[in-house]
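S.K.: The hints should help you fit chain B onto chain A, whose structure is shown.
What follows is each chain in one-letter form.
2 protein chains.
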Amino acid sequence: MDVAMVNDNNLSKIATNNGHGENSPYFDGWKAYDTNPFHLQHNPNGVIQMGLAENQLCFDLIQEWIEANPSASICTPQGAFDFKEKAIFQDYHGLPEFRTAIANFMSQVRGNRVTFDPTRIVMSGGATGAHETVAFCLANPGEALLVPTPYYPGFDRDLRWRTGVKLLPVVCESSNNFNITQEALETAYEKAKLDNIKVKGLLITNPSNPLGTHFDKETLKDLVTFINDKNIHLICDEIYAGTVTAGDEFVSIAEIIEEEPECNRDLIHIVYSLSKDMGFPGFRVGIVYSYNDHVVSIARKMSSFGLVSTQTQHMLASMLSDNMFVVNFISESRIRLAHRHDMFTRGLAQVGIGSLESNAGLFFWMDLRRFLKEPTFESEMTFWRIIINEIKLNVSPGQSFHCSEPGWFRVCFANMDDETTMIALRRIKTFVLKNKMLEVKIKTQKQCWQNNQHLKLSSRRLDEILTPHRMSPHSPLAWMSPHSPLASPLVRAQN
Amino acid sequence: MDVAMVNDNNLSKIATNNGHGENSPYFDGWKAYDTNPFHLQHNPNGVIQMGLAENQLCFDLIQEWIEANPSASICTPQGAFDFKEKAIFQDYHGLPEFRTAIANFMSQVRGNRVTFDPTRIVMSGGATGAHETVAFCLANPGEALLVPTPYYPGFDRDLRWRTGVKLLPVVCESSNNFNITQEALETAYEKAKLDNIKVKGLLITNPSNPLGTHFDKETLKDLVTFINDKNIHLICDEIYAGTVTAGDEFVSIAEIIEEEPECNRDLIHIVYSLSKDMGFPGFRVGIVYSYNDHVVSIARKMSSFGLVSTQTQHMLASMLSDNMFVVNFISESRIRLAHRHDMFTRGLAQVGIGSLESNAGLFFWMDLRRFLKEPTFESEMTFWRIIINEIKLNVSPGQSFHCSEPGWFRVCFANMDDETTMIALRRIKTFVLKNKMLEVKIKTQKQCWQNNQHLKLSSRRLDEILTPHRMSPHSPLAWMSPHSPLASPLVRAQN
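Sequence lines, in order, name chains A and B.
Just so you know, we're using our numbering here: the first sequence kicks off at 275 and counts up by one.
Just so you know, we're using our numbering here: the second sequence kicks off at 275 and counts up by one.
Rather than coming from a laboratory, the hints here were simulated on the basis of the structure.
Check the hints yourself; a few may be wrong.
No copy is singled out in the list; a pair is fine if it fits within one copy or between any two copies.
Capping the alpha-carbon separation at 20 Å, the derived lysine to aspartate or glutamate pairs in EDC-like fashion look like this [unchecked claim]:
1. 305 <-> 447
2. 710 <-> 417
3. 358 <-> 691
4. 575 <-> 417
5. 666 <-> 503
6. 467 <-> 648
7. 358 <-> 341
8. 575 <-> 302
Excised from the complex, chain A in its bound form (with noise of 0.2 Å):
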């Protein structure tokens, strides 16, 4: 059924102009999962899917508060009685008792140093209902939302498909740990100028989907200069507040303008889901909550579009105001996190892969520039093939966020149980350790060959005998040359 899009004159421009996104690296990782996902049992050789930012490491707690809550659920015997009530439910204002859920969970994932107005609570089709929300508010088509690179590739669908607004991207980079600086913010703002682009809005995402990182008080408090200065929307994607490991502290937009009364709220919009922070993508529980009434009111007449199944605004109501378990699950989680974050960079850098130091997200951004044969997006390709093809993990390559360098990579862990997290681990080092050996026996083949005398090769031509064009896809020594990076450190670190 999915087939090659072609152009239709019958159809829209929206059906038929790809403007969804999907023929990016990012979504092409899933594919070729779906077409050989990994099961311990069923099919232990298959691809190991790390490209998808999901939270399973706390469903034990959830399961366990289920089943000591039965009549929290409108399909249970001890629930069905309100069935009625429920499924006939449709305003789009949401279950009041939904809302104030929804405002309680929020500000405890913040630590309870802010609170949110239910009243302001607008659901949508999960946060990329929201997105959407929020850009048909704020912009008309053609005009354009300012974002940080790297950033999140359902983006390009979710803000721009249906919308017609463009997202244009303020440059980080790895010199400065990607942070956002004054100077790539006015870069960014004056070349839409020049480009004749009405720059409507910042979109940020707070913790960095895929960075991992989350922004210190300061830089958020210049980013809300930034903003008033020159009339345009914050909108802040915190989507993954609640997965900031323990023993750091989240700061939400919401707290930043408590302390600027300066700041003009109509500009500023949060943006929620449980998704991430519950780990329950599949119930499409978007939030946007924003400062400005005239948004708050358009986006709840825009969430007839996506609003919540009642049957799950019923039980999450229940759920989320139950606080001994809400406050549990949170710090919970954040240990759990943490602890999976740490076994997978320590793993990867005992056979010295790096990454870039991050304490938030279900991700870590991995660096394995060293390991690309030119520091080009086609190599970052041809290397992200290889890790999906030979080492059978999905990993996102950094050009699907539209990171400004090549060689950077998201790699999600959260979304498997510690045996898979070991598997995956081991494949690493497998194929590390075996391109290593051959590597030792490519450089004796080498010396033998110039010891005698027979063939003249240079390094340079057995780069070429080894560079992938030359070889079988499926070689493990596609992406392995003399030159490669990769062998160095290790064998440094060995002999």
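M.R.: Then chain B, alone, in the frame of chain A:
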């Protein structure tokens, strides 16, 4: 929070142009109901909601099923082991068992005379989301769909607001029982051409909302011929397919295209939902079923904005796969709807109020033309305000459905229990009788005046005294002039 809209340059045109269509009396009626909702015990003098097309007549059957099937829910001790798997599932194809169950249900509702392919089932956030999705797929901003009048007021929001698509009326008239004529279709099409508007499709509701009628085979075949001749799309909203009263047979477009091999199937699209036939508007199950592969593929990508909660998918997959339950539910629902429809229309006939003959939907099309002071939409509004403020019933005036003739009102009858139905009927009867008494009194008094020659009031003058603008808006006399056609049939009937 629901502030009056102002033109804020910082927001988009969509956010400031009132295109959401909520400034219609259709929604005003809802608001009137919301401020003073009827409740049998707590507010017996409140407004009875007869503006909401909800099917509440068979929830006892649903509740029975729920209680007998606790393992169908992931929120029961019996089903919770599946919680994680469902909560994390967010594939826009939907749970395979859900798609299969929906295809099965769609077929059962259509008497098993056609089958539906589960791979063509695309989810959306209710029929609201389904219609917007189809509009986004088929038409560019400024292009148009033809829609026979009267039509569902929500279409103005669903299909136009965020898409920029236009809806052009195909004018249907009471002289013809509001049937669609070839001439009306051609007139609308030619008018669009003259106005330089590209027509991309024809949108019908079958069964019709608000008429409560459904199309016969011949008419459907004519429509298929028309859209094929023009090479435009046909969108069939069949969300009331299961409401056709017992003894009659609904004909789906799915059947027609089986019999019309010449039809270009790429032009045929069905919108379906579980909000009406099952009575679950809160669950937000909308379906796009297209025979066009490109539309299936693109609509599925768009479904990311309005996926059905997997908690709900899972439960419905189980419920709608239970054929014994489904067959019994559909049959029982049709019987109960027929009973309620008859109960209401017969009750109204007793006080001389007629309606368009119908046998589907959750409503009928009440004919109050002869009750209007003048055959104008202003009079219709005046009369509607009396109904809502005096009789305290929220029925919906025809003009909100773009009806071409004033005096028609949609009356919903399936969103209340028998007791409320009786109260609604009693209120109408009391009102009519009270005004008949008053009319008699006025007549007598008028006779006296004329006899005594004390006053020289002409009938015209008396009319003026009795017209709404001279009277308290709460007076029951406001809509009742001596020339009102209300009295005559009643007087005839009782005298």
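S.K.: None of the hints should be skipped; say for each whether it holds.
M.R.: Structure-based check of each hint:
| no. | hint | verdict |
| --- | --- | --- |
| 1 | 305 <-> 447 | neither (29 Å within a copy, 53 Å between copies) |
| 2 | 710 <-> 417 | neither (51 Å within a copy, 62 Å between copies) |
| 3 | 358 <-> 691 | between (38 Å within a copy, 12 Å between copies) |
| 4 | 575 <-> 417 | neither (22 Å within a copy, 24 Å between copies) |
| 5 | 666 <-> 503 | neither (48 Å within a copy, 52 Å between copies) |
| 6 | 467 <-> 648 | neither (34 Å within a copy, 58 Å between copies) |
| 7 | 358 <-> 341 | between (22 Å within a copy, 13 Å between copies) |
| 8 | 575 <-> 302 | between (35 Å within a copy, 14 Å between copies) |
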